[in-house]
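Model the placement of chains B and C on the given structure of chain A, informed by the hints.
Spelled out, the chains give:
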Amino acid sequence: MNRFDYVRAGTVAEAVQAYGAGARFIAGGTNLIDLMKYDVEKPGRLIDITRLPLDGIEEHDSGLRLGALATNAKVAYDERVAAQYPLLRNAILAGASAQLRNAASTGGNLLQRTRCYYFYDTATPCNKREPGTGCPAIGGVNRIHAIFGASESCIATHPSDMCVALAALEATVRVSGPQGERSIPFADFHRLPGNTPEQDTNLAPGEIVVSVDLPESKFPQHYTYLKLRDRLSYAFALVSVAAGVELDGDTIKTARLALGGVAHKPWRNREAEALLEGKPATRESFQQAADLIVSEAKPQSANGFKIDLARRAIVRGLEQAAAGTPQSLSDKRIQ
Amino acid sequence: MLREHSPPVRADTGLDITLTINGQRRELTVTPWTTLLDLLRERLDLTGTKKGCDHGQCGACTVLVNGTRVNACLTLAVMKDGAEITTVEGLAGLGDRGGSNALHPIQEAFIEHDAFQCGYCTPGQLCSSVGLMNEGHAHSREEIREAMSGNICRCGAYTNIVDAIEDVMQGAAR
Amino acid sequence: MTQTFSSTGHDTFVGSPRSRIDGPAKVTGLAKYAGEFAAPDLAYGYVVSSAIAKGRIAAIESAAAEAVPSVLKVITHENRPRTAWRDKNFQDAVAPPGSPFRALYDDLIVYSGQPVALVVAEDFETARYAASLIQVRYEAQEPTTDLRAVRGDAYDPPGKREGIKPPPEPWGDADQAFGSAPIRVQGAYTLANEHHNPMEPHATTVVVEEDGTYTVYDKIQGVSNSHQYLANVFGLKPDQVRVLNPYLGGGFGSGLRPQYQAFLAMLAAQELKRSVRVTLTRDQMWSFTYRGEALQSVSLGAEADGTLTALRHDAVQGTSHYEDYQEVIVNWSGVLYRCDNVALTYRIAKLDTATPGDMRAPGAVTGVFAIETAMDELAYATGMDPIALRLKNYAESDATAEGKPFGSKELKACFTQGAERFGWSKRSPEPRSMREGRELIGWGVATGVWESMMMQSNAIATLTADGRLTVGNSTGDIGTGTYTILTQIAADTLGLPMEAVTTKLGDTRLPEAPVAGGSWTAASSGTAVMKACRNVGEQVFKLARGLENSPLANVDFDRAVFADGRIAVAGDPSRSVSMVEVMRAAGVDKLEAVEEAGPDKDFNAAYQAYTHGAIFVEVKVDEELGQVRLTRVVSAIAAGKILNPKTARSQILGGVVMGIGSALEEESMLDHRFGRFMNHNLGEYHVPVHADIYDIDVIFVDEEDKANPLGVKGLGEIGIVGTAAAITNAVFHATGKRVRDLPITIDKLL
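Chains A, B and C supply the protein sequences, listed in that same order. Counting in our numbering, the first sequence runs from 1 upward without gaps. Counting in our numbering, the second sequence runs from 1 upward without gaps. Counting in our numbering, the third sequence runs from 1 upward without gaps.
Since the hints were derived computationally from the structure, they do not count as laboratory data. These numbers come from a predicted model, not from an experiment. Every residue gets a Cβ at the ideal spot worked out from N, C-alpha and C, and that includes glycine. Any given hint could turn out to be false.
Straight-line distance between alpha carbons at most 27 Å, and here's what the computed DSSO-like set of lysine-lysine pairs gives [unchecked claim]:
id : chain 1 : residue 1 : chain 2 : residue 2
1  : C       : K160      : C       : K350
2  : B       : K80       : A       : K218
3  : A       : K298      : C       : K748
4  : C       : K73       : A       : K42
Stretch-level coverage of chain C by chain B, calculated; a stretch enters the list once three of its residues show a Cβ under 8 Å from a Cβ in chain B [said to hold, decoys possible]:
id : segment
5  : 173-186
6  : 271-284
7  : 672-683
Next comes chain A alone, as it looks inside the complex (with noise of 0.2 Å):
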């Protein structure tokens, strides 16, 4: 690990002040002191974001907003997330350990890095971390990778299982930076890597993010996070689906899928959505909008089976949706 400055905020407005080249904003530190401790972020400054006023989760417009501050594990388990967006509850509780959740911050979760062993081991070229360097996950140990928008300079995931529920929600991520506020809706808020795989969201130098404002409940009732992994429990995706479905009788009225550990963001595909609306809720339907999500689908050297498990789950994570049986957080049977 570096030595670096260290910096406490008071205000938004002095964290983004006392922001400068090299400095990176710390609040649950979870994944940024794990990569400092690999040497892969090497900040000359930290600043102390954790005493800002902005953990409160607060009822906005139709909505809730969530400050950046807010813990995982409080997201999680506050009774109006739990009532309104079981859906963004339950993708918390399927990420991480409970240490993990109860530390992790909401802004810090959506800032978190790939975990692409060649990212984390600075003995190995990586793209990401020293761009220029060349990308041997091609061609390399890539069972994790992406199967959806990679490029030739960068096939990592985007690890967080909360990005995943928030961009099936269509949430809202405010900022704050030296320019003022600004508001980036959640699909534009992470980045494809194209061949600038260095920067995984669309931030501004010096930008923190302030709060997550989720838009009005749709899915309290027809939800499901569904997430398959190496073992029944604090792994990352291979693939997940968070899916949300408002339905009319048996008929889709409204459909939200994203897909976890598959790209270099929460996957969505918004033809299979429109596809799914108006259409009866039924395993045909599901089958039809997973097929048309797989087929945009590329497989690496060794990751081909996330093309057929991806479409699987979908399937059954709209299945679990529409029918109102949720995958269970500790109950491992899929439903």
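Then chains B and C, alone, in the frame of chain A:
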């Protein structure tokens, strides 16, 4: 304690912080890159808190910060200025059971159920169990398993650990 | 034959479930592990690891690191202090044949992750920071780490590893018999590279004492091995170094050999003349030993009634370029089954990795997975119940040892009792025939087997006039419960309460005992402790008999009964004396004895000794998504006398859990271009977590064995052996998919 808005602290300067560790108030000077885990183990000789992976992937370093379980390895000590820390060495002192030598019920239950072998993950399992009970979200055996999954036991004492936690939870409910 | 334990006195504690005596220390955080001992003026070493797997170091730039205030020294191959140079000085007690790895010895890189520098600083954070400033320039060569690529170069190791029995000569004609067998199965099996990953990372604290001697706290499964190694390598007299390790945070074989952090800590301590601690990072736990994958093939030929007529089991395993690691993989097939035509071969091939090492039931985990999966395939091919097929070919003697009989073998009882408990009779034999909603249910069974061994071992017993007994030796309690069982044995032998006994382990000032491994510690150290206590008992007895008006006058020692702190005459409890009173009356402060115990040569000449198990598992597999849940396990074990059913059960639970990891999760994935394990952390190398482990039921089958006076056979390994096969067999039963390459991750079931 540092002022809420402190000027940048130079990298080579120690920072003065206050922590209450196992009920004892301690004024300490720490470098900003010192984790709570290394502070406990290397400076304060509180080696009960274990370093298993140093990356939040095993749970051996679990301690209670203001009653909440977290990974001490991913916690910078300076950021917890003013906090109350409970480590395995302080578990017996939690609650009001009288008698300074009494173990916490979860410690007794771990011994009774043989909920450990090598003992290295044990302090983390214990602090995590207490954190779990403080949280109050786990009620069934399978909920305990899920909520304890951040604590790896390579000796494979899992079923006994869950037995021990269940035992204490049922005792508390009686 | 020696007498069995129960004839030595009363089994008050032995055989009864007892809580671990080290429990209070472990649940309060007071138990100290190797990297936790304090020393005044302690310096911290941090290891820099090689980024390449093969080649040489062209240059190391360490000036920036040295310039950091509080950095004491950067040691590299260029400035390392001199040590011994002969291979034999580096060969520890359990080293395989070859030229052991020497850290910082020269500019050659022989595996990825090899230590290339040690930074020593006043504090841990400074050492870690300075280590990040070290720049190493390499001249890299293309490494070979793909066992499949060098399979053709595999060889029969010319130097055999001590204690590792090479495959026996073939008997009959397996190939011919296979060719003409009416029923045949054949398959290739692999178990992935696995890393031990005990929760405690390897660490060594070297304390430089005022008189210039060294006290070393080393993470090792037996301090005598480190002691010998450090003395030989650093040219020290045995009394100049003392090695301790009272508690070990898990080993599973990774702590059998002294590892490079011990060497580096000692090197730095000697150079700096101050105390040094070196703790490896979790990532560095991938940099010195592993369970090497093996490429195996098994061919079985049988008659229609299931009688085996041909058995062929071949294995090729990797080793390093500098040592010929060997383990017993294929012999188990010949031990378990009676067959007239058998061929077993084992060869190794050179890879650019660290030398593989023993990992919980080394070889048996690998080989038994293959044979027990193949036997399940044969069961389906013959239409027989898998247990019936095994019983049909049940070996009553050890064909790999000239047909010697087994000292005891209650494997049939394991099958019977395990099947009963599991409810095996309710199994519908057809694959995919049992389901519950969207899940397919599979029930699988397999045999476990492990050698029952005993090693030469010493122990001391000291009885003091306050009635306290202290026993011990240099072996380690690696979480197995050794402290507890030795206390039980000592207490029973001298008829004292367990609270009156202190057991000391893991200190080279105690009588020498071997490393804790191979499941031999209970038999070896247990017998030595019992003998030492018997000796002390005889001393007290003689004192007692010599007292004026002794109630024991004219009584022979073999009629003495030790109970409740007294010596009584067998059959006449009214004639007894208190041991404390005897010692006081005789004016003796303490009585002490050191005894040696070793394998019973007569027994070993006549019999073969193995532990056995039958493991039954239930899996539930999501038919569409391939997620496997292992919902039920029954493990029935025959391992001789069970000294402490509570800690014994934990040994089996632990073995089963590690076996579940092996079957479903564990795999260190190599990028052969870099010759590097890429998922070198506990986030991406998956071991079982709480959520993975449902109910595990353990049965100990009664088994009388006479290999040693205690009648014990050892429990550390048997629980894991066969577990992976039972799981693959259950997965086949559930899904109809036969997975022969572990681990069975989701991708293999889609």
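Structure-based check of each hint:
For the proposed pair C:K160 and C:K350, the alpha carbon gap of about 16 Å is at most 27 Å, so the pair holds. Proximity of B:K80 to A:K218 is assessed by CA-CA distance (about 39 Å); at most 27 Å being required, the pair is judged violated. Of the supplied pair hints, the one linking A:K298 and C:K748 holds, its CA atoms being roughly 19 Å apart against a limit of 27 Å. The suggested pairing of C:K73 with A:K42 holds, with an alpha-carbon distance near 24 Å, which does not exceed 27 Å.
Counting residues of the segment 173-186 of chain C whose CB falls under 8 Å from any CB of chain B gives 0; the rule of at least 3 is not met. Here's how the segment 271-284 of chain C fares: 3 of its residues keep a CB closer than 8 Å to some CB of chain B, so the rule of at least three is met and the hint holds. Taking a C-beta to C-beta cut-off of 8 Å, the segment 672-683 of chain C contributes 3 residues in contact with chain B, enough for the three needed, and the coverage statement holds.
When the structure is compared with the earlier hints, violations turn up for hints 2, 5 and for no others.
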